[in-house]
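Enquirer: Residue numbers (this note's numbering), protein chains in the order written: chain P, 419 to 920; chain L, 419 to 920.
Warning: the hint list may mix true and false statements.
Identical copies go unnamed one by one, so any copy, or any two together, can satisfy a pair.
[Unchecked claim] Keeping only pairs whose Cα atoms sit at most 27 Å apart, straight-line, the calculated BS3-like set for lysine-lysine is:
{"#": "1", "residue 1": "K836", "residue 2": "K912"}
{"#": "2", "residue 1": "K904", "residue 2": "K489"}
{"#": "3", "residue 1": "K489", "residue 2": "K560"}
{"#": "4", "residue 1": "K911", "residue 2": "K836"}
{"#": "5", "residue 1": "K697", "residue 2": "K912"}
{"#": "6", "residue 1": "K560", "residue 2": "K659"}
{"#": "7", "residue 1": "K688", "residue 2": "K754"}
{"#": "8", "residue 1": "K732", "residue 2": "K754"}
{"#": "9", "residue 1": "K732", "residue 2": "K697"}
{"#": "10", "residue 1": "K659", "residue 2": "K688"}
{"#": "11", "residue 1": "K754", "residue 2": "K909"}
{"#": "12", "residue 1": "K912", "residue 2": "K489"}
{"#": "13", "residue 1": "K659", "residue 2": "K732"}
{"#": "14", "residue 1": "K659", "residue 2": "K697"}
{"#": "15", "residue 1": "K836", "residue 2": "K659"}
{"#": "16", "residue 1": "K754", "residue 2": "K659"}
{"#": "17", "residue 1": "K489", "residue 2": "K697"}
Treat the hints as calculated values from the structure; they're not laboratory data. Since we're looking at a predicted model, the values are computed, not measured.
2 protein chains.
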Amino acid sequence: MEVLDRIVATCILTLCIGSLHVIALKSQLFSRTARHSGGLPHSTRTPISYETFYFDQRIDHFGFLEDGTFKQRYLVSDRHWQTPGGPILFYTGNEGDIAWFCNNTGFMWEVAEELGAMLVFAEHRYYGESLPFGQDSYSDSKHLNYLTSEQALADFAVLIQTLKSSLPSAQLSPVIAVGGSYGGMLAAWFRMKYPNIVVGALAASAPIWQFPGMVPCGAFYRIVSQDFASSGFNCDVNIRKSWNAINNLSSTASGLAWLSSEFSLCSPLKQQADALSFKSWLQETWVNLAMVDYPYEANFLQPLPPWPIQVVCKSLAFDSAVSDQQLLRGVSMAAKVYYNYTGSSSCLNTSQTATGSLGLMGWFYQACTEMVMPMCTDGVQDMFEPEEWNFQAFSDECFSMFGVRPRADWAGTVYGGKDIASHSNIIFSNGGLDPWSAGGVTQNISDSLVSILIPDGAHHLDLRYSNEHDTPSVRNARQLELMYFKEWIRKAKKTPRTTSRG
Amino acid sequence: MEVLDRIVATCILTLCIGSLHVIALKSQLFSRTARHSGGLPHSTRTPISYETFYFDQRIDHFGFLEDGTFKQRYLVSDRHWQTPGGPILFYTGNEGDIAWFCNNTGFMWEVAEELGAMLVFAEHRYYGESLPFGQDSYSDSKHLNYLTSEQALADFAVLIQTLKSSLPSAQLSPVIAVGGSYGGMLAAWFRMKYPNIVVGALAASAPIWQFPGMVPCGAFYRIVSQDFASSGFNCDVNIRKSWNAINNLSSTASGLAWLSSEFSLCSPLKQQADALSFKSWLQETWVNLAMVDYPYEANFLQPLPPWPIQVVCKSLAFDSAVSDQQLLRGVSMAAKVYYNYTGSSSCLNTSQTATGSLGLMGWFYQACTEMVMPMCTDGVQDMFEPEEWNFQAFSDECFSMFGVRPRADWAGTVYGGKDIASHSNIIFSNGGLDPWSAGGVTQNISDSLVSILIPDGAHHLDLRYSNEHDTPSVRNARQLELMYFKEWIRKAKKTPRTTSRG
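Excised from the complex, chain P in its bound form:
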């Protein structure tokens, strides 16, 4: 865990230029795992019941020197599967424990019966239990070398081919890829790169264009800010002011003590420099709230009330005349909506979003190699302190952490960037409240590369269990998605595909 210690040390104790956004990514896309694995749905929901399997997967699909295998975990539910030939919904696992994704993708469980579908949830290599080198998987960059999206897609392809050749009932089964967030990117890329394996893909909240040169680096944080601006009077304005208030207070020992007490910090701020990580932590808090601004009480990144940003903003509705301390008292109350909705936290841990798990380090490594997602803030169009995207600083930090450097253009080259019109059968769904929609496909590209917008939806709301408080937009989205699934399945059955062994 030496590398991880270095990451945390680097990012908590310094400005963390560049990797600030990696921390943000980590907390947004990943840290759910640690908090939620094993969470089960309410009893009123479609029950989740699956078997767990392990597949001997190649460590390296793209070279032949390393011939070892590892156990890739996958979960299967065939309760509603109509054999032979019933479709397979295949979840392209992302950066975490697959059981957690399985439990948090209610949509698949809800449509399985109607489609007569088997559900398969495949774990992404290097996450959860699917560790290519066991406990050594994260020991150094040599062992991390097989953690790439291309290897993960190849895992999925080989797993499906093997399932199809070993299960007679599955040989003619059309397979549809489903994923959210990074898993949604994988679902889309899977259909692009392996259209022989999957007939279509639902890529929910998949920021496939959040790469260099494709979208403005500031768009992500602008959406976060808009969410707050539209959720309460002066909400974004006061958050924008809060940074300077923190700077002012953190310049004195008494101010640091006041902040630590007001925010009930588990580890009090000790010096002015601590304000940097404190501000990063708050910034991530607002981002996380934007991601999970769901219309009903939910427990995704944290247990939260319905429309949590509206609740948060109630504490931030000052006009311009308040003092720094008044303002920050409001910020503190707002943060506690996120961190202590249940009232069970005795103190707030500002290093929480940077504490380690295998998943954290995995996503960190991926961000430091292929998943280069530029982000920036200007403090004008968004409510954050200005920070430019600095690729060189980011690269240097990656090199010091892992001994590798990110390849800024690779994702665009290998996954097509904005030139994806020749592909087919991909649904890109995005929530208008979700900052990740900034990097998503939010317009139809063709008849079969379609965008579904959920204007009042947050991060892959459509993949969640249906809820009585769901707005019409997400209900419609799910209906449309189901319609496309049926259409793909219908067409596939008209021209059945064979396995390559055929």
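Given the structure of chain P, go ahead and fit chain L onto it with the hints provided.
Expert: Only chain L this time, still in chain P's reference frame:
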């Protein structure tokens, strides 16, 4: 060259089960390089003139531990390029010296002016001058680890992206991939995997289905046999008989001496076991003739007369009554059509097709990893001695040579096998005389995945310079290909694609 010595030793002195076909592949697809590099077209042809460049290419596109680069050679001709935005014809180099492919792909040179196109010929890594580790590239399987088709395609993609971003005139240039044989497979796969980079592909004589489970393993040699059957009276029948005649004669010392003398062998046959490699050499000779059965005098694999199989068969038109020696005298004369048409060879070298070059070993390694192409003979539907496809023996031999084992299903998984209908803009051209058409796409798959058949054509005849003796079928093929090129270019210009940096 230790590994190479072992290969040769293994295959010349033993039965070479399994790898016999690898040797065949090598001689057919590769050995041209050694024989033809530097050959220049006749003065009446469109003149060839290019500049040579070297691009700093990543050694490993699919992992980040190996961050080194190597010099990838590429040749550029912009003489007819209409800037800005004129198209680029991009030759996806195969297993050999790119200058040789450049000189042997007259079609591209002949259409460049009409299309206003720039020509780029990119060398395949590990061949010619494009050696990732210089002279160590072939030293062991560790250094060979980056010799895969996926890496080669990524090379092409990155090279094109870089050319487009560094040449302002090229930014809106539609790029078309062109290749023949393995290079044709790469061209097709390039369009499948990187449709963002190339608007279409001409895959000439590309056996993309010559993989396990896709086509009958005997089809290749059946076509060879048909070529001989249709080129002269009893031609295939007598070749089929010749194997037993060789077996008979090689059972005695005097018979071996007679064979050695009759065939003017540089290295006389010394023992009965030598007959095995002698027969392999003859078998490859017939295969090579089938590949280069062109309607005009040509110098592709060897200097040959027009329709060389017809010439060969004149020596093999016996009825059933001849003795072994009479029969083999005819075979000897036939072989000399291939090996000594110019009369300059003082003796025939039966180890010729197994002698080494970097390219030979490279293709051997590729056949031993991804490019698993099952072949078999039955002696009934073909004119060869029966030999089953034995994957295990082949795999064992690969392991003993390189320490790697072939992955029989991988090419089908990663490149789609027979399920490629969702792709677009690929021309698969095949010659009816070409044994490689057995593994080719010889029927239209869709409006934009089209097959062009040249019934009286041999191996990628359409890519060669036009010739006054060309038959109408190949003239029509080239016209159709040009028509598709223009259509792709026209459509691309209507919806210009941007580079990912855009």
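Enquirer: Each of the hints needs a verdict: does it hold here or not?
Expert: Status of each hint after checking the structure:
Within a single copy, K836 and K912 get their C-alpha atoms only as close as 31 Å, which misses the 27 Å cut-off; across copies the closest is 16 Å, which meets it. Taking CA atoms no more than 27 Å apart as the test, K904 paired with K489 passes in neither setting, with 33 Å inside one copy and 50 Å between copies. Both within a single protomer and between protomers do K489 and K560 lie at most 27 Å apart by alpha-carbon distance, with minima of 19 Å and 25 Å respectively. Proximity of K911 to K836 under the C-alpha cut-off of 27 Å is restricted to the inter-copy arrangement: shortest distance 16 Å between copies versus 31 Å within a copy.
With identical chains, the CA atoms of K697 and K912 are never at most 27 Å apart, being 57 Å at best within one copy and 48 Å at best between copies. In the homo-oligomer, the alpha carbons of K560 and K659 never lie at most 27 Å apart, since the shortest distance is 45 Å inside one protomer and 57 Å across protomers. For the homomeric pair K688 and K754, the shortest alpha-carbon distance inside one copy (21 Å) is at most 27 Å, but the shortest distance between copies (90 Å) is not. In this assembly of identical chains, K732 and K754 lie within 27 Å of each other by CA distance solely inside one copy; the values are 12 Å within and 94 Å between copies.
Taking the shortest Cα distances, K732 and K697 sit within 27 Å of each other inside one copy (20 Å), while across copies they are farther apart (89 Å). Taking identical chains as interchangeable, the C-alpha atoms of K659 and K688 lie at most 27 Å apart only when both belong to the same chain, with a minimum of 22 Å there against 94 Å between chains. In this assembly of identical chains, K754 and K909 lie within 27 Å of each other by CA distance neither inside one copy nor across copies; the values are 51 Å within and 56 Å between. In this assembly of identical chains, K912 and K489 lie within 27 Å of each other by CA distance neither inside one copy nor across copies; the values are 35 Å within and 48 Å between.
Taking the shortest Cα distances, K659 and K732 sit within 27 Å of each other inside one copy (16 Å), while across copies they are farther apart (95 Å). Taking the closest pair of Cα atoms, K659 and K697 come within 27 Å of each other only inside a single copy of the chain (12 Å); across copies the shortest separation is 86 Å, beyond that limit. Taking identical chains as interchangeable, the C-alpha atoms of K836 and K659 are never at most 27 Å apart, the minima being 37 Å within one chain and 61 Å between chains. For the homomeric pair K754 and K659, the shortest alpha-carbon distance inside one copy (19 Å) is at most 27 Å, but the shortest distance between copies (90 Å) is not.
When the C-alpha separation of K489 and K697 is checked against a cutoff of 27 Å, the pair qualifies neither within a copy, at 40 Å, nor between copies, at 46 Å.
The structure shown violates the earlier hints numbered 2, 5, 6, 11, 12, 15 and 17.
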